[in-house]
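Q: Given the coordinates of chain A, assemble chain B onto it according to the supplied hints.
There are 2 protein chains.
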Amino acid sequence: METLFKEFKIENNKFIYIPLYTFLKEKIERKELKNKLPSIRKISNFLNISPNTVAKAYSELEKINYVQSFKGSGFFINSNFLFEKKEKNFILENDDFYNVNHSLKIDFINSTPNFSFLPISDIKYAINHILDRDKELALINEGPLGNMELRVAINLSLKNLNISTEIDNIHILSGAQQGIDLISKTLAFSKDNIAIESPTYLGAIKSFKSQDFTIIKINIEKDGLNIFELEKILLKTRIKFIYLMANFQTPTGINLSLKKRKKLLYLADKFDFFIIEDDSSSDLYYSELPPLPLKSLDKNDRVIYVKSFSKIFMPGFRLGFIIVPKLLLPSFLNNKFLSDTNTSSLYQKSFALLLNDGSIEKHMNSCRKQLNSIQNIIIEELLKISNIKFFIPSGGCSLWIELPKNVSSKSVYNKLLRENIGIVPGIDYGFDNFIKLNFSRIEKKDIPEGISRLKFAIDFFQELNLGKLE
Amino acid sequence: METLFKEFKIENNKFIYIPLYTFLKEKIERKELKNKLPSIRKISNFLNISPNTVAKAYSELEKINYVQSFKGSGFFINSNFLFEKKEKNFILENDDFYNVNHSLKIDFINSTPNFSFLPISDIKYAINHILDRDKELALINEGPLGNMELRVAINLSLKNLNISTEIDNIHILSGAQQGIDLISKTLAFSKDNIAIESPTYLGAIKSFKSQDFTIIKINIEKDGLNIFELEKILLKTRIKFIYLMANFQTPTGINLSLKKRKKLLYLADKFDFFIIEDDSSSDLYYSELPPLPLKSLDKNDRVIYVKSFSKIFMPGFRLGFIIVPKLLLPSFLNNKFLSDTNTSSLYQKSFALLLNDGSIEKHMNSCRKQLNSIQNIIIEELLKISNIKFFIPSGGCSLWIELPKNVSSKSVYNKLLRENIGIVPGIDYGFDNFIKLNFSRIEKKDIPEGISRLKFAIDFFQELNLGKLE
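Chains A and B supply the protein sequences, listed in that same order.
The first sequence stops at residue 469 when you use numbering that gives the first Met the number 0, and every number in between is there.
The second sequence stops at residue 469 when you use numbering that gives the first Met the number 0, and every number in between is there.
Treat the hints as calculated values from the structure; they're not laboratory data.
Repeated chains share a single entry, so a pair holds when one copy, or any two copies, can fit it.
List time: in silico SDA-like cross-link candidates among lysine to any residue, alpha-carbon distance up to 25 angstroms: (1) K231 <-> I215; (2) K123 <-> D356; (3) K104 <-> E135; (4) K134 <-> T21; (5) K123 <-> N355; (6) K208 <-> I426; (7) K24 <-> N355; (8) K134 <-> P118; (9) K26 <-> E135; (10) K134 <-> K368; (11) K24 <-> D131; (12) K123 <-> I139; (13) K259 <-> S197; (14) K239 <-> D211; (15) K184 <-> L201; (16) K35 <-> N355; (17) K184 <-> S209.
Owing to the predicted nature of the structure, the values given are computational and were not obtained by experimental measurement.
This is chain A alone, in the form it adopts within the complex (with noise of 0.2 angstroms):
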């Protein structure tokens, strides 16, 4: 009984059932408790609680037919389930996306929200009044478009971000990933050449990958894609479109200045291109307004702009949206049907209350303010590494670090990964020579621990290649 509640801790007394049929349920499926539950008297006299309280998470897990209950004989855990030991939420062919890894003590590579940022009253309020008000009609489908209100929700709030655009040109999404991937088959076909930015957004350059595209990458410099280089392939070859991230690039976090904002629109009539811009990261910014996306520059339908409701806030909502222009309409409809044919209802109209009535603007400040101290603590840790570069954006939730000369990402990461340290090596993006840290997760206490051993790595690694070690 000790060693199976070794790791068991009770925060708050007035929902106990809940952490504890948590705790069991991931017991079960980790095939670390097999057979049978103890009895509800042991466990309510060994933790204390009252026998309700466990025969309550008893309960749940009936529900779920995790354990099914015999008169008399207690609960049996239902052994006909093969529960993998412990399920891997990513299995690709190639390893540049990461496992959710439970087991690191400090982790710099998660880059899914805090959960504890989620405005889950919010939420609830919001699904139920939906329910409550529309009853039925809250489950029907929407069609390829999207829910009227969100749309109307959406055009209201771009006007904050200068997007002047109409309601029919507005689709939701199921996220970006699926804007990028459906945009860019309505774009070019097989072996049509696409530009984009080097390094940039990993699921991008599958979706592009995956199309056979003929990619050309674009170098970064410190304001934003190198224009020239651009303008020199542009003069050789036609591209279909180029996909990028005017703020907080990923992953170098990155603006794309005004200049070459402008003159980028200016090619791309010129050599009549579009240009997918991302615009995901762009709300977890930490000055005063929010930076202005490319789109709002944009006069002749040369942007289509893509954008995310889930990376910080909401991933279980799994929202986004795209303006597509007028021409390219019938097309992109085609394929998103194709894709999964509309997004759900009852959250779109949700998710457009919630847009409405504020609190999704309340929500992202406290997400703005808690990322941009935890910016704050991490630089102030890595300014006491002195062998490395790197760019502070101003907004985001990662930091791209150029490591020392001969250091390669590679080995950094597999030395602290031993250590229960994880770290995205830039090696993923095509860069050894960099590394990047997701921050959305990360628990402030654990930076200065988590920099330092970073600290020592590198120059371990620094040391071991100039031969100062044996």
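A: Just chain B now, with coordinates in the frame of chain A:
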């Protein structure tokens, strides 16, 4: 005021602000209401309801930003928004998918469920239960495999269909369309041969065409696809997979005979191809016991089983699942990630709860009874038309009807449409001599009139083509 409210009916006084809100919302979207809402007092007097009720409806409209109130001046309609006059739910290149046409008087086209079937209070209970139980964890990403509780619940429910698989092989989808698209991408490349039944589900054909497969059509007989035709083809050429529906085939309603099922599995082994079984309709059986899927006979992992829960039950939830053999898993998951990363967590957990506590089965039972009694009424009426032939399926929610020779489905479709009656012309499936009647949303009282108009239209064109009409 009288003109505005002439279509407004109050069915139940209790929540009258909701119908009023919905009514006004639609009027605004259709631009039938412009500038300003009538004053609260005026509406309250005219409809003889309390001013508070009207105020509540207005405040809901304000919440979704459709109107804006100015103290003392009333509620102004937000004219910044460009609403389409009537929103099209589908805009596709060919018009073989139908717009949801609200103006149809009698609708044998719409295949979405009758909303009043939906067990809204069960769904509300489940969602709130999960939000209370899992808090923030109800809104996280689940990863592409899907939620474990739902996969456990599905695995259990599959035992009733004699399907024995492992939880590892069950993957949650955002509807069956996504499954068909992803698995076909996994199994075949551009130009590869694949086989389909003819006629078959149009969404699948669209997906296969978009992937540029070489599509081989196999005709359907009274006991399912012509297996000798398939065998002859296999002797000449390799196919990567066949896509089919063994139960209540779309659009014919035909079941594949046991003998042919066994032969098909034998051929799949012998000629090394996969079978994608789309079993989305089989829940709508009218018999005592459910029809068994082809998958239940599959011993060598030749059958990939795809099923949607969205078809008749909870379209807004967008849930389905697929059973994928282990060897195809990494490639399949890669495609799933590109499509939309993963499927809503809260819905998955809520749906698992409803599967486990029997709500789904209860709901499906009442759907089956309702659809069976509607089918009986339609058949009774159809028997009055002597020059048509049709097969009576033992389940599903549509009928596939053979017209007299020389009568074109397109002509019948067009003639009935002018009378505000919708039917599906067989030409969309490549069979101009057939029509399809969908009856998931038809009102019983409208059936006699609808079918007698159909009889008139068929007779009209038959006589016209026989030269009997001038």
